[in-house]
Amino acid sequence: QKEVEQDPGPLSVPEGAIVSLNCTYSNSAFQYFMWYRQYSRKGPELLMYTYSSGNKEDGRFTAQVDKSSKYISLFIRDSQPSDSATYLCAMSGSSASKIIFGSGTRLSIRP
Amino acid sequence: DVKVTQSSRYLVKRTGEKVFLECVQDMDHENMFWYRQDPGLGLRLIYFSYDVKMKEKGDIPEGYSVSREKKERFSLILESASTNQTSMYLCASMSGTEEQFFGPGTRLTVL
Chain A
1 QKEVEQDPGP
11 LSVPEGAIVS
21 LNCTYSNSAF
31 QYFMWYRQYS
41 RKGPELLMYT
51 YSSGNKEDGR
61 FTAQVDKSSK
71 YISLFIRDSQ
81 PSDSATYLCA
91 MSGSSASKII
101 FGSGTRLSIR
111 P
Chain B
1 DVKVTQSSRY
11 LVKRTGEKVF
21 LECVQDMDHE
31 NMFWYRQDPG
41 LGLRLIYFSY
51 DVKMKEKGDI
61 PEGYSVSREK
71 KERFSLILES
81 ASTNQTSMYL
91 CASMSGTEEQ
101 FFGPGTRLTV
111 L
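Those protein sequences? They're chains A and B, same order as listed. Position one of the first sequence corresponds to residue 1 (the working numbering), numbered consecutively onward. Position one of the second sequence corresponds to residue 1 (the working numbering), numbered consecutively onward.
Take these hints with a grain of salt, some might be off.
Said to hold, decoys possible - In the BS3-like style, the derived pairs of lysine-lysine whose C-alpha atoms are separated by at most 25 Å in a straight line are:
no. : chain 1 : residue 1 : chain 2 : residue 2
1   : B       : Lys18     : B       : Lys55
2   : A       : Lys98     : B       : Lys13
3   : B       : Lys70     : B       : Lys53
4   : A       : Lys98     : B       : Lys71
5   : A       : Lys42     : B       : Lys53
6   : A       : Lys98     : A       : Lys2
7   : B       : Lys13     : A       : Lys2
8   : A       : Lys2      : B       : Lys3
9   : A       : Lys2      : B       : Lys57
10  : A       : Lys42     : B       : Lys13
11  : A       : Lys98     : B       : Lys53
12  : B       : Lys71     : B       : Lys18
13  : B       : Lys13     : A       : Lys67
14  : B       : Lys3      : A       : Lys98
15  : B       : Lys3      : B       : Lys70
Derived by calculation from the structure, the hints in this document are not laboratory data.
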């Protein structure tokens, strides 16, 4: 079993829809949770960063962590065609430990 | 803005060749990483370095070596390239926080 599981998609939704992206994990030591966005032919860039459980909101993006269920989510409101990308979840146990990445979900927003 | 640059965007090599992938960051980050990214497998850590002349094996170091002679530069070496090393190679750097800054990637094809 992988430490981090992520549905690869692809996921295709119409513009303006609410998008929900999810990851599950098995290591209860994970405390830092991240979402990266990767456009085609580019490197990943950090989108959201959360420590421990709870929600974090940044504009149209909300990151949610449920440590009891070992489940993290990224919600995108009012999705735009420019949100079309691959989204990778990532997590680590401490600031000194390596980061484990999910395999990524490919998202397409239809105009 | 942090900038991580990689020496080549696309590279084609023959089986058995020695291949050098170079990565340079301009933000004085201590930590640097090499990943490979394959469909369905996500990002897998090859090697990382916490300081000059220091290196640690990641999850898939076989067939690779690294060099860090200067703080800003981290090189990945394929001693004898094989077809199963055809992949996207991503370099990243990180300061004391959890955000890793990625380069644009090198798509390597080994024939």
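Right, here's what the structure says about each hint:
1. B/Lys18 / B/Lys55: holds (20 Å)
2. A/Lys98 / B/Lys13: This hinted pair is violated, its Cα atoms lying about 30 Å apart.
3. B/Lys70 / B/Lys53: holds (8 Å)
4. A/Lys98 / B/Lys71: Holds: A/Lys98 and B/Lys71 sit about 19 Å apart, inside 25 Å.
5. A/Lys42 / B/Lys53: violated (28 Å)
6. A/Lys98 / A/Lys2: holds (15 Å)
7. B/Lys13 / A/Lys2: Roughly 31 Å separates the two Cα atoms, so the pair is violated.
8. A/Lys2 / B/Lys3: violated (31 Å)
9. A/Lys2 / B/Lys57: holds (19 Å)
10. A/Lys42 / B/Lys13: holds (21 Å)
11. A/Lys98 / B/Lys53: With Cα atoms ~19 Å apart, A/Lys98 and B/Lys53 stay inside 25 Å; holds.
12. B/Lys71 / B/Lys18: This hinted pair holds, its Cα atoms lying about 23 Å apart.
13. B/Lys13 / A/Lys67: violated (45 Å)
14. B/Lys3 / A/Lys98: holds (21 Å)
15. B/Lys3 / B/Lys70: holds (16 Å)
Checked against the numbered hints above, the structure violates hints 2, 5, 7, 8, 13; every other hint is satisfied.
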